[in-house]
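All chains should be built: construct the whole structure from the sequences, respecting the hints.
There are 2 protein chains.
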Amino acid sequence: MKIFSKNQLQRYPIYLKFFKEVEASGQKYISSPAIASVLGYSEEQIRKDLQAVSNDAGRPKKGREVKRLIETLENFLGYSEPIKAAVVGVGHLGVALMNYPNFSDMGLAIVAGFDIDQNKIGKEVAGKHIYSTEEMEEILPKFDINIIILTTPSKCAQEVADKAIRAGALAIWNFVPAHLQIPSHIVIENVNLASSLAILSHNLNSLMRLRKSI
Amino acid sequence: MKIFSKNQLQRYPIYLKFFKEVEASGQKYISSPAIASVLGYSEEQIRKDLQAVSNDAGRPKKGREVKRLIETLENFLGYSEPIKAAVVGVGHLGVALMNYPNFSDMGLAIVAGFDIDQNKIGKEVAGKHIYSTEEMEEILPKFDINIIILTTPSKCAQEVADKAIRAGALAIWNFVPAHLQIPSHIVIENVNLASSLAILSHNLNSLMRLRKSI
DNA sequence: AGCCTTTCAGTATTTTTTTATCGATATGAA
DNA sequence: TTCATATCGATAAAAAAATACTGAAAGGCT
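Heads up: the protein sequence lines correspond to chains H and A, in order.
If you read the first sequence in the working numbering, its first letter stands for residue 779, the second for the next number, and so on.
If you read the second sequence in the working numbering, its first letter stands for residue 779, the second for the next number, and so on.
Because identical chains cannot be distinguished in the list, a pair is counted as satisfied if it fits within a single copy or across any two copies.
Heads up, simulated DSS-like pairs for lysine-lysine below, C-alpha to C-alpha not over 27 Å straight-line: (1) K784 <-> K826; (2) K941 <-> K798; (3) K990 <-> K784; (4) K806 <-> K845.
Keep in mind that the hints were calculated from the coordinates and are not lab data.
Spelled out as structure tokens, the structure:
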């Protein structure tokens with residue numbers, strides 16, 4: 779069984795996105811150096827990444843067939859059969875994610891929302907029904923929902939996550955800036971804006987220091 | 779000049795968040811093994827990370843002083859003097875970020891919004907004025923805004939980014955799933971949900987395959 | 001007061017990831 | 001058809017990151 783590093787996995791959707799643009803432009807083949815010059819990775823890394831998921835050999839002087847690359851990546855990333863997810867915590871961020879237009883191209887289908895606010899329960903957001911958090915145990919199996927998108931306030935995130943796991947959730951996509959204690963058989967992926975911002979502001983500070991010193 | 783890897787930088791906000799919880803619980807000291815057991819990193823890594831930003835030595839049998847750790851990290855991450863940012867593209871996601879309650883604790887102050895929609899221009903969102911994208915060149919310097927939070931539709935992202943850079947933006951926090959071509963003197967940090975989702979669904983698939991094989 | 005244990009700092013090792021090298025080969029031009 | 005070359009695949013080298021190890025010291029316990 780091949781092992782993919784986190785960094786490597788993160789690159790595949792970026793390749794795919796780019797290949798779709800290339801295809802849209804009418805180009806049939808793309809070479810590693812050409813990809814490298816646009817995406818900013820080294821051409822060796824691109825070869826390694828693509829070789830890891832594809833059986834097709836690239837052709838000298840031409841590169842790889844864009845159409846096949848797209849098929850391969852979409853298949854590898856599981857975009858062919860979308861996974862079902864529900865948003866828990868229909869606040870500003872939850873609503874934004876429910877309306878996010880790109881998930882359908884990313885193999886994700888949000889099919890429901892959950893909240894504790896009586897004013898929201900029973901309403902619809904982006905065409906999806908909002909249920910009470912109490913109903914998770916019933917609704918998740920019913921709609922075959924495996925992934926919980928967690929967008930509650932920080933203070934109730936752990937409690938809600940526990941509840942979701944009891945209700946059968948297999949994976950949690952956590953947008954809450956809190957460290958959840960999760961059993962090891964549950965998949966968790968944290969979207970930590972503070973971490974992303976830390977990189978940004980560190981780089982920005984380096985830049986400013988550089989400028990000042992010149 | 780010390781160099782910090784991306785992974786390492788991402789961990790600091792996570793440490794900080796945890797230390798604040800520890801402080802709130804009344805605990806005065808925290809040891810690396812104790813941090814490790816909660817956050818799931820190795821204690822060696824934690825020592826290395828903390829030694830890289832702190833001059834204070836930890837004390838055998840006690841660990842490090844929580845209060846000092848918090849000060850040190852807040853200072854390192856630049857939370858003491860927030861950087862100013864503006865959201866460009868006041869759609870669902872833009873609105874969500876403008877309302878995001880945690881940025882003020884993360885050294886970021888969103889002070890304005892920009893959009894091209896006449897219905898939005900002149901309005902307020904989360905107490906911040908929405909300007910026309912055309913006004914960026916005037917408004918960014920006026921409010922001393924260095925960071926652009928990009929949440930436009932994909933198709934106009936590049937164009938808007940170019941405009942923001944002309945208007946003096948130094949850094950772009952890009953929430954748009956598109957690869958921007960950015961001059962090397964501008965800082966860019968991509969929040970790529972597709973990449974995050976790729977990790978999640980890869981792990982979920984591995985889990986399911988494992989289950990099936992048992 | 002002395003001993004045992006925990007944790008530390010610093011260094012070494014291992015592992016992982018990225019980058020570089022090299023011969024082979026298909027392509028497009030002469 | 002032949003030649004020059006861009007690109008490939010595979011492997012090797014380098015760099016970076018994570019992990020493990022070691023001796024020292026502080027804290028608490030008897």
